[in-house]
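Chain residues, written in single-letter form:
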Amino acid sequence: MNPDPTARFNTLVAPHLADALAFARWITRDRADAEDVVQEACVRAFRSIDRFSGSNAKAWLLTIVRNTAFTWLSDKRRLSLVSLDDLSDQERLEVEQGEACERDISPEATIIALGDAALLEKLVSELPIGFREVLVLRDIQGLEYREISGVTGLPLGTVMSRLARARQKLITQIRQERS
Amino acid sequence: MPLTHDDVLLLHAYLDGELDLATSLNMERRIREDPVLQRVASEVKGLKLALSRMHTDREVADAFLSRLERKLGIGRRWSPPQWMLLAASLMIVAGISGSLTSIAVLQREPLSSSTQLLDGHLRSLMSSHQTDVSSSDHHTVKPWFNGRITQAPRVVDLTDQGFEMLGARIDVIAGTPVPTLVYRRRQHVISLSEMLLDKATEKGEIQQTSEHGYNIVTWTEGQRSFVAISDLNSTELVSFAQSFRDSS
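Chains F and S are the protein sequences, given in the same order. Numbered as in our numbering, the first sequence ends at 878 without a single skipped number. Numbered as in our numbering, the second sequence ends at 257 without a single skipped number.
Hints listed in this document are in silico derivations from the structure and should not be mistaken for laboratory results. Keep in mind that a hint or two might mislead.
Claimed, not checked - List time: in silico BS3-like cross-link candidates among lysine-lysine, alpha-carbon distance up to 30 Å:
no., chain 1, residue 1, chain 2, residue 2
1, S, 57, F, 821
2, F, 821, S, 54
3, S, 57, F, 868
4, F, 868, S, 54
In isolation and in its complexed conformation, chain F is listed as follows:
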């Protein structure tokens, strides 16, 4: 591997900067804050770049961005807004599913409703952070489950459960917006 950190930065970090910014925006919900977070994350990444030996630079960078963002949020005391109840992974999904099939709304109607991008963006940004990060990493950043588990430090089962619940919440809310 090339020992020059600048060259390594160019190959490992630079191509993923846009993803890092987009991810940070979804977490902080603010463009300027996201830039601050990514800048701080890049400083950390640059410092530890010699120790990076893996093959997945994007997941590595997103992990640093995620940790930096969470530190940053808790410094600003914004994380306290997340209620523990929201993050209980044991909540049963079948109840929500049961409600879903009683009301007779066609899937096509839901898909049409989802064409409203502004609404969708608002609903995603209002998801509790624990759900939002998993949903964004999968459905917007396109990471695989085990990569999301690596980035967030959550067990695979928790990743799966939060992803399913995040999507279910969105579908339920879209249905409510329409009724």
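Use these hints to put chain S onto chain F, whose structure you have.
Positioned in the frame of chain F, the structure of chain S alone reads:
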């Protein structure tokens, strides 16, 4: 019958392409037979599609870059001098030379071609110049190649499969111009290059590998071989390759 917690998790994992073949086939059958699963699957699919189409800003502001460069104490990374591009590509050679040797496309120029394709992909990502012709219309892109290269590359519209065409460019591999189509899935750019082989081959299996976070899939078909490079996850990149390959 109400769905259990595990059913729901399996359904999502199935729609995300995360299940092994046997579990996946089993899920497919259950979705066919169970109207509740069918409805939920259709809703989740619709949501995933809408999320993937949602516009995400890909702009890295110049002011931010300058600030970052000052902070890190590094030079003008975004207009890198020639030696720096060379250094970057040499690193990639060192990285991929071990794993790409077996790929069918490389019959002619075993290492340098894939290296240069990856290099071309990276360089296009770092600049704003990802395509020489920008169009989402394959009727515009295909004729653009006329007169620029001797081969008539296959151009396929994959919008319905969720891959938007951004345009095309010509990469030069071992002194030969190679047509490269540029697609996008969410914000992930896919470079798809088509190379002519010395002799015809059977329609080959899709092979995949990855280096430095970039997934690479290749396949051959008649006298053509295709290489797709992206930071898109491997499952979706393979599905891109399948859609493209099976479109003829």
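Hint check:
no. : hint         : in the structure
1   : 57/S x 821/F : holds (16 Å)
2   : 821/F x 54/S : holds (19 Å)
3   : 57/S x 868/F : holds (13 Å)
4   : 868/F x 54/S : holds (14 Å)
In terms of the numbered hints stated before, the structure departs from none.
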